[in-house]
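Chain A is already provided as a structure; the job is to place chain B on it using the hints.
There are 2 protein chains.
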Amino acid sequence: MTAKQSAMIERRRKLLGSAYKLFYDNPVHIVKGEGVWLYDADGRKYLDMYNNVPHVGHCHPHVVEALTKQIATLNTHTRYLHENILEYAERLTGKFEDELDLAMFCCTGSEANELAMRIARTHTGGTGFIATSFAYHGNSRATFEITTSDIPEDERPDYIATAPVPDPYRGLYTGPDAGEKYAAHVREAIETLERRGVKPAAFIIDTIASSGGVVSPPPGYLSAVAEIIRDAGALFIADEVQPGFGRTGRNFWGYQADGFVPDIVTMGKPMGNGHPLAGMVTRSGIVEEFAAKGRYFNTFGGNPVSCAAGLAVLDVLEQEELQQNALDVGQYLVDGLWSLAEQHEVIGDVRGSGFFLGLELVEDRERKTPATALTKRVLNELRERGLLTGPIGPDANILKLRCPMVFTRENADQALDTIDRALAACLH
Amino acid sequence: MTAKQSAMIERRRKLLGSAYKLFYDNPVHIVKGEGVWLYDADGRKYLDMYNNVPHVGHCHPHVVEALTKQIATLNTHTRYLHENILEYAERLTGKFEDELDLAMFCCTGSEANELAMRIARTHTGGTGFIATSFAYHGNSRATFEITTSDIPEDERPDYIATAPVPDPYRGLYTGPDAGEKYAAHVREAIETLERRGVKPAAFIIDTIASSGGVVSPPPGYLSAVAEIIRDAGALFIADEVQPGFGRTGRNFWGYQADGFVPDIVTMGKPMGNGHPLAGMVTRSGIVEEFAAKGRYFNTFGGNPVSCAAGLAVLDVLEQEELQQNALDVGQYLVDGLWSLAEQHEVIGDVRGSGFFLGLELVEDRERKTPATALTKRVLNELRERGLLTGPIGPDANILKLRCPMVFTRENADQALDTIDRALAACLH
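Protein sequences, first through last, are from chains A and B. Each number in this note's numbering comes from the position in the first sequence (counting from 1) with 28 added on. Each number in this note's numbering comes from the position in the second sequence (counting from 1) with 28 added on.
Fair warning: there could be bad hints in the mix.
Pairs count within a copy or across copies, as identical chains cannot be separated in the list.
[To be verified] Cross-link-like lysine to aspartate or glutamate pairs, in silico, DMTMM-like; alpha carbons within 25 Å at most:
(1) Lys73 / Asp445
(2) Lys321 / Asp182
(3) Lys60 / Glu115
(4) Lys227 / Asp423
(5) Lys209 / Glu127
(6) Lys97 / Asp70
(7) Lys73 / Glu316
(8) Lys97 / Glu62
(9) Lys32 / Glu115
(10) Lys123 / Glu216
(11) Lys97 / Asp129
(12) Lys227 / Glu181
(13) Lys321 / Asp205
(14) Lys227 / Asp186
(15) Lys227 / Glu183
(16) Lys404 / Glu349
(17) Lys49 / Glu127
(18) Lys60 / Asp343
(19) Lys321 / Glu216
(20) Lys42 / Glu181
(21) Lys49 / Glu316
(22) Lys60 / Glu118
(23) Lys60 / Glu93
(24) Lys97 / Asp343
(25) Lys32 / Glu373
None of these hints come from the bench; they were simulated from the model.
So here's chain A without its partners, still in its complex pose (with noise of 0.2 Å):
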């Protein structure tokens, strides 16, 4: 470590403090982004393999032409009539079903999932959430209190209840059934819920289990437990801040793999290419309550900036074909991981669709045993070899594979030489 990130360290200690973690036992200094590519403080670059907030790309020409116009032009809220909201209302609403035909505006997923169990209250008269575990949905109270990769179980109010995350690698299921067994288990925490007297109000789940560790949910899981939980007379919400907008490749959103319609789907990260742009669609008939009855105005949410800026990335993804980008790329990255895996016994699993993926190690594949201590050895190890990425799942062994969507075959290649390189140092 230079002496100039030793003082950056201490100065983040001292004026931050030790809530602010770092990655990397040498963490890097970035001053520059630049489509797949970081560049640290040395002029060195780094391939991004981590960061799905700048969507199509670090510093995307079109998203910063947009912006840039739009910051110099106009930057106000949203009681007063502008065409960004509408038209980016238009186009959002647009790529979903018919029956999710009403959008609102905020600035982040935490904040959206705020919004979401608001009106899910509002809506259903209904106090209970039922989340996966293992899940993290935000960083404010409510959306704390479901995530349940951090709460204890007897920490929990007894309005959450929990279902196992459907995990078709390591969970309780395998097999053509798994989805259905899977979802049995939401029926037996709407049943906890109404045995502490709370009536349900939403079910959530991110479509493809992030913190979970980069769980695809067996096929037939996420209709089935729209079912249900609708039986309960409560709401469907998808969380989509991680697989929505294109990532998974072969949908725009996570959930349609599973071919429903959710009630309501909250959206994040990679919405505004970093600018602080998040929201919720669902069906207009559903925030009537809430509209008559809460107050709802989020100053920044929506404002034309903001709407400036998720236009332009709704205007990239079309016009380069980067949802289909990330499927084929995508596919080619997971054919070349499962490759590696013929040289490599640690690899335990390569999973996800389109940039969205995962890569699990484990000591033993029989026995699946989790290589936490070498997955972090391996973060380290890219991170010299000028590759980033992060660690994921309940025992930190998975690397969460999600790069900008502007990421090509020849990325690929670069990144699956760097992985069996940095393999085969941690592991001879």
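The following block gives chain B in isolation, referenced to the frame of chain A:
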């Protein structure tokens, strides 16, 4: 109303739903902002006396330049090292008393208050909050629970108690000991919580009570409450989302009018001149339990672009001496409004400080009967005459005047003349 406006309103209703409200009977279609001016689609300009978010003026060139440069260079999260967050944390904590030495960043005032409330609970071990009556503190569940302006007392959770807004014009107490008498109600609120078995975590107040009617607490109130709340083992949270960043003219932070130091200060709206930037400052000791126990990561909070905006706002405030401008021109406005009161019996009170002013309209000066319907007419009349502001207070009979900090004496002359004519038009 033009056909274009009607069509936009209809699109809003359909796409955004009824939670999205518009100002004015004849909503304004704003397309451009510059300094204290907003421009509509027909090229008509409006003097902006409402918007505190574009703190140093709409589209201030220095802020636009700083944003433009950083947007094209890098926008990423805080788990890599970056100079901007350190420089901004240094500059920002430098605006506070020495003991407030630690900053944390998020995107909205709601998020700042959420974070402050979570930290207060973890630090004190208490769960209760005391807010003033008719306060607004945010749109998320926890911050909306203390938004006493919207939630009737019997619908509040048992861990929320209130104290009356310390209003020296219309409230319970006037005279030199009003501060002390109002503060005694906070002691009662603590006792209320304790009777319910709830240990208090914090008292929270916007140091000029905006929703309460632009009320400056009587001298001695804030410091007396700080002593009372600390005696109960709880914290004092100063919500500076509206009064902060020099707006009151006299001090950089609203609480400083009372010569004491809060435990946590939250900030939002003006911080990034419209860019979604918010944060809190506290003593480093207070976040330790929180950092050790609860995870906190805010994806967009404190990113290089947000911090560039924050730094640019501080630059402009300092270089253009805008706190002094708010003090001088604010006093000039107050004097002018009192002069108008000689002709207009309907002016019951003029109050506030700097560019955070309230003009209260009453039917009867003696009985202080709120002139609610008239206020609405006056606001619409002002809009037609090219001046934008809004209503506030429990009876919506107060004009909230929070102009951008670059508002000049010449702007004030025009404003006073317009208000004079609008009042005359509405009254005769």
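So, going through the hints one by one against the coordinates:
| no. | hint | in the structure |
| --- | --- | --- |
| 1 | Lys73 / Asp445 | within (16 Å within a copy, 60 Å between copies) |
| 2 | Lys321 / Asp182 | between (33 Å within a copy, 15 Å between copies) |
| 3 | Lys60 / Glu115 | between (31 Å within a copy, 17 Å between copies) |
| 4 | Lys227 / Asp423 | neither (33 Å within a copy, 36 Å between copies) |
| 5 | Lys209 / Glu127 | neither (29 Å within a copy, 56 Å between copies) |
| 6 | Lys97 / Asp70 | between (31 Å within a copy, 20 Å between copies) |
| 7 | Lys73 / Glu316 | neither (50 Å within a copy, 35 Å between copies) |
| 8 | Lys97 / Glu62 | both (20 Å within a copy, 14 Å between copies) |
| 9 | Lys32 / Glu115 | between (46 Å within a copy, 14 Å between copies) |
| 10 | Lys123 / Glu216 | neither (34 Å within a copy, 54 Å between copies) |
| 11 | Lys97 / Asp129 | neither (29 Å within a copy, 37 Å between copies) |
| 12 | Lys227 / Glu181 | both (19 Å within a copy, 23 Å between copies) |
| 13 | Lys321 / Asp205 | neither (42 Å within a copy, 39 Å between copies) |
| 14 | Lys227 / Asp186 | both (11 Å within a copy, 20 Å between copies) |
| 15 | Lys227 / Glu183 | both (20 Å within a copy, 17 Å between copies) |
| 16 | Lys404 / Glu349 | neither (35 Å within a copy, 50 Å between copies) |
| 17 | Lys49 / Glu127 | between (41 Å within a copy, 23 Å between copies) |
| 18 | Lys60 / Asp343 | both (24 Å within a copy, 23 Å between copies) |
| 19 | Lys321 / Glu216 | neither (32 Å within a copy, 30 Å between copies) |
| 20 | Lys42 / Glu181 | neither (33 Å within a copy, 41 Å between copies) |
| 21 | Lys49 / Glu316 | between (41 Å within a copy, 13 Å between copies) |
| 22 | Lys60 / Glu118 | between (33 Å within a copy, 22 Å between copies) |
| 23 | Lys60 / Glu93 | both (17 Å within a copy, 17 Å between copies) |
| 24 | Lys97 / Asp343 | both (16 Å within a copy, 22 Å between copies) |
| 25 | Lys32 / Glu373 | neither (39 Å within a copy, 65 Å between copies) |
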